[in-house]
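**Student:** Kindly generate the complete structure, drawing on both the sequences and the hints.
Chain by chain, the residues run as shown.
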Amino acid sequence: MKKRNYNLIFGIIITTFVVILLTIGIFWTPYDPDMMNVKLRLTGPSPEHILGCDNFGRDIFSRVLKGGVSTLWISVFTVLFGLVCGVIVGAFTGYYGGVLDEVVMRLNDVLNSFPSILFSLVIVSLLGPGKKNVVIALGLLFIPSFARITRSEFSRIKNMDYVKCAKLEGVPPLRIMFVHILPNAVNTLLSTTAIGFNNAVLAEASLSFLGIGVQPPDPSLGRMLAESQTYLFSAPWYTLSAGGMIILLVLGFGLLSDGLGDIE
Amino acid sequence: MMLEVKDLVIRFHDRIGGEAVHGVSFSMAAGERLGIVGESGAGKTLTALAITRLLREDNAELLGSIRFMGHDMLNTSGKEMRKIRGKEIGFIFQDPVASLNPLMPVGPQIEEPLLLHTDLSKAEREERVLQAIRDVDLPEPEVTIRKYPHQLSGGQCQRVMIASALICHPSLLIADEPTTALDVTVQTQILKLLKRKNEEENVGILYISHDLSLVRRLCTRVIVMYNGNIVETGDVEQIFTHPKEEYTQRLIAAIPTRSKRYV
Numbered sequence: 001m002k003k004r005n006y007n008l009i010f011g012i013i014i015t016t017f018v019v020i021l022l023t024i025g026i027f028w029t030p031y032d033p034d035m036m037n038v039k040l041r042l043t044g045p046s047p048e049h050i051l052g053c054d055n056f057g058r059d060i061f062s063r064v065l066k067g068g069v070s071t072l073w074i075s076v077f078t079v080l081f082g083l084v085c086g087v088i089v090g091a092f093t094g095y096y097g098g099v100l101d102e103v104v105m106r107l108n109d110v111l112n113s114f115p116s117i118l119f120s121l122v123i124v125s126l127l128g129p130g131k132k133n134v135v136i137a138l139g140l141l142f143i144p145s146f147a148r149i150t151r152s153e154f155s156r157i158k159n160m161d162y163v164k165c166a167k168l169e170g171v172p173p174l175r176i177m178f179v180h181i182l183p184n185a186v187n188t189l190l191s192t193t194a195i196g197f198n199n200a201v202l203a204e205a206s207l208s209f210l211g212i213g214v215q216p217p218d219p220s221l222g223r224m225l226a227e228s229q230t231y232l233f234s235a236p237w238y239t240l241s242a243g244g245m246i247i248l249l250v251l252g253f254g255l256l257s258d259g260l261g262d263i264e
Numbered sequence: 001m002m003l004e005v006k007d008l009v010i011r012f013h014d015r016i017g018g019e020a021v022h023g024v025s026f027s028m029a030a031g032e033r034l035g036i037v038g039e040s041g042a043g044k045t046l047t048a049l050a051i052t053r054l055l056r057e058d059n060a061e062l063l064g065s066i067r068f069m070g071h072d073m074l075n076t077s078g079k080e081m082r083k084i085r086g087k088e089i090g091f092i093f094q095d096p097v098a099s100l101n102p103l104m105p106v107g108p109q110i111e112e113p114l115l116l117h118t119d120l121s122k123a124e125r126e127e128r129v130l131q132a133i134r135d136v137d138l139p140e141p142e143v144t145i146r147k148y149p150h151q152l153s154g155g156q157c158q159r160v161m162i163a164s165a166l167i168c169h170p171s172l173l174i175a176d177e178p179t180t181a182l183d184v185t186v187q188t189q190i191l192k193l194l195k196r197k198n199e200e201e202n203v204g205i206l207y208i209s210h211d212l213s214l215v216r217r218l219c220t221r222v223i224v225m226y227n228g229n230i231v232e233t234g235d236v237e238q239i240f241t242h243p244k245e246e247y248t249q250r251l252i253a254a255i256p257t258r259s260k261r262y263v
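Top line first, the protein sequences correspond to chains R and U. The opening position of the first sequence corresponds to residue 1 in my numbering, with each subsequent residue numbered one higher. The opening position of the second sequence corresponds to residue 1 in my numbering, with each subsequent residue numbered one higher.
Rather than coming from a laboratory, the hints here were simulated on the basis of the structure. Beta carbons: idealized from backbone N, C-alpha and C, even for Gly. Check each hint, because a few of them may be wrong.
[Said to hold, decoys possible] Short derived list, chain R residues pointing at chain U, Cβ under 7 angstroms:
| no. | residue |
| --- | --- |
| 1 | Cys165 |
| 2 | Leu168 |
| 3 | Gly170 |
| 4 | Pro183 |
[Claimed, not checked] Simulated crosslink set (DSS-like; lysine-lysine; CA at most 30 angstroms straight-line):
| no. | chain 1 | residue 1 | chain 2 | residue 2 |
| --- | --- | --- | --- | --- |
| 5 | U | Lys83 | R | Lys158 |
| 6 | R | Lys158 | U | Lys147 |
| 7 | U | Lys83 | R | Lys164 |
| 8 | R | Lys164 | U | Lys6 |
| 9 | R | Lys39 | U | Lys147 |
| 10 | U | Lys147 | R | Lys132 |
| 11 | R | Lys164 | U | Lys197 |
| 12 | U | Lys87 | U | Lys192 |
| 13 | U | Lys197 | U | Lys79 |
| 14 | U | Lys6 | U | Lys244 |
| 15 | U | Lys83 | U | Lys122 |
| 16 | R | Lys164 | U | Lys244 |
| 17 | R | Lys158 | U | Lys79 |
| 18 | U | Lys192 | R | Lys164 |
| 19 | U | Lys87 | R | Lys158 |
| 20 | U | Lys244 | U | Lys83 |
| 21 | U | Lys147 | U | Lys195 |
| 22 | R | Lys131 | U | Lys83 |
| 23 | R | Lys164 | U | Lys147 |
| 24 | R | Lys158 | U | Lys244 |
**Tutor:** Shown next as structure tokens:
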């Protein structure tokens, strides 16, 4: 009997749902997410406003869509930034080893030893808040984990016979690293990237929650959570919508990467 | 002489340390089929790797001299070495399946030395690859180039390796126990293929093996190594029929023969 891969099935369903929702959000939202209306202040879900309105009378559904989109973009670029830099660092240290490896990996440890929130706080306060700087701050934080995994894969694969054979054919080091070794490390890197994406979503939300991420008036899931705290009991739909979107993003992608990992 | 190795000493600087090869000297003429035999740990493979300078520089120290076609191999820069490897020296290993990149079709892998060492156009390279596949008797060249290593048998993978090692028409092919991982009938085919290539293209073959009967079938001259030293060297028939050294005699006596049955 073949066991059904429920992780994959639910992962695909949730992720597809979220992606479709957010793709719509890029081009169209039911209301202007920044349009205030005092009359609708903290009104509950209704046919006109399916997730209700916030403390300024703005449509929560529209804001969740816009906030989700900006969280998604920030996470994607953060992971790409960390992945590209991490792979380059890991490739060189893993392939060459020796002193270079020792020095760079200890620098990596230093970067890793800072609490992540503190580190991003420092960078954001140096560069100033804003989407770009959040990407840089979080991206830097993501380098060590990618570098470490790439390094271990490279130092394992570089001793394989086919890499030795490539060397004996006169293949130059850069080509060996990125044509012969990297494709063989992609499997491991893919699952790391999926986990990294989830971490990025959560990290971005935490930064915005603390007020150093996306700046008003741009909507952001993390800041919506922070603002809704005050109205937790009078308008629970506010907190639930923002938190629910974060959960859907992380859960869908987590299940998807788990399910993909289970495929033989 | 195409290859001249003089007083080659290989020393290691890692934790265990010590000298693995103690002053080995031999030479090889162009187009010659030379065998190196000896038990495991005799220094056969180390000597071969030293010729191509593939031992880790920070770890292994090479003394003596190696001259190959006018190059002083121990004083050649890494960039120069890359021009010699693959172009002038081909190399095939013990485990053909592990020697091929599992995620690359075999066509591009055979093509790689051409890409690096020649200025041929894409069409010319493809023609050479197809010809090389035909030359090593692999079936359906057009289909084979798109196959991945796991779709081929061990013997077929070794043929691919030979095709790749010989595609630039090198002067020397170093074969490090190329048939150990293959079964007996395939062994014979690979030996025949190597012999034919040697005769057709005049590529010198340095054949490393612990299997004396294979060396006897392929090589014209043989070097016997033991514990990092050359014990005896000479014409293959002379070594097999009238071995001078005691170690060689014992080695030959260890070959199982048909009169003794082990069942």
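**Student:** Does each hint fit the structure? Answer for all of them.
**Tutor:** Each hint, compared with the structure:
no.	hint	result
1	Cys165	holds (5 angstroms)
2	Leu168	holds (4 angstroms)
3	Gly170	holds (4 angstroms)
4	Pro183	holds (5 angstroms)
5	Lys83/U with Lys158/R	holds (21 angstroms)
6	Lys158/R with Lys147/U	holds (23 angstroms)
7	Lys83/U with Lys164/R	holds (16 angstroms)
8	Lys164/R with Lys6/U	holds (25 angstroms)
9	Lys39/R with Lys147/U	violated (69 angstroms)
10	Lys147/U with Lys132/R	violated (45 angstroms)
11	Lys164/R with Lys197/U	holds (23 angstroms)
12	Lys87/U with Lys192/U	holds (23 angstroms)
13	Lys197/U with Lys79/U	holds (29 angstroms)
14	Lys6/U with Lys244/U	holds (23 angstroms)
15	Lys83/U with Lys122/U	holds (20 angstroms)
16	Lys164/R with Lys244/U	violated (37 angstroms)
17	Lys158/R with Lys79/U	holds (19 angstroms)
18	Lys192/U with Lys164/R	holds (26 angstroms)
19	Lys87/U with Lys158/R	holds (22 angstroms)
20	Lys244/U with Lys83/U	violated (41 angstroms)
21	Lys147/U with Lys195/U	holds (26 angstroms)
22	Lys131/R with Lys83/U	violated (49 angstroms)
23	Lys164/R with Lys147/U	holds (21 angstroms)
24	Lys158/R with Lys244/U	violated (43 angstroms)
Going down the numbered hints, you'll see the structure goes against 9, 10, 16, 20, 22, 24, while the others check out.
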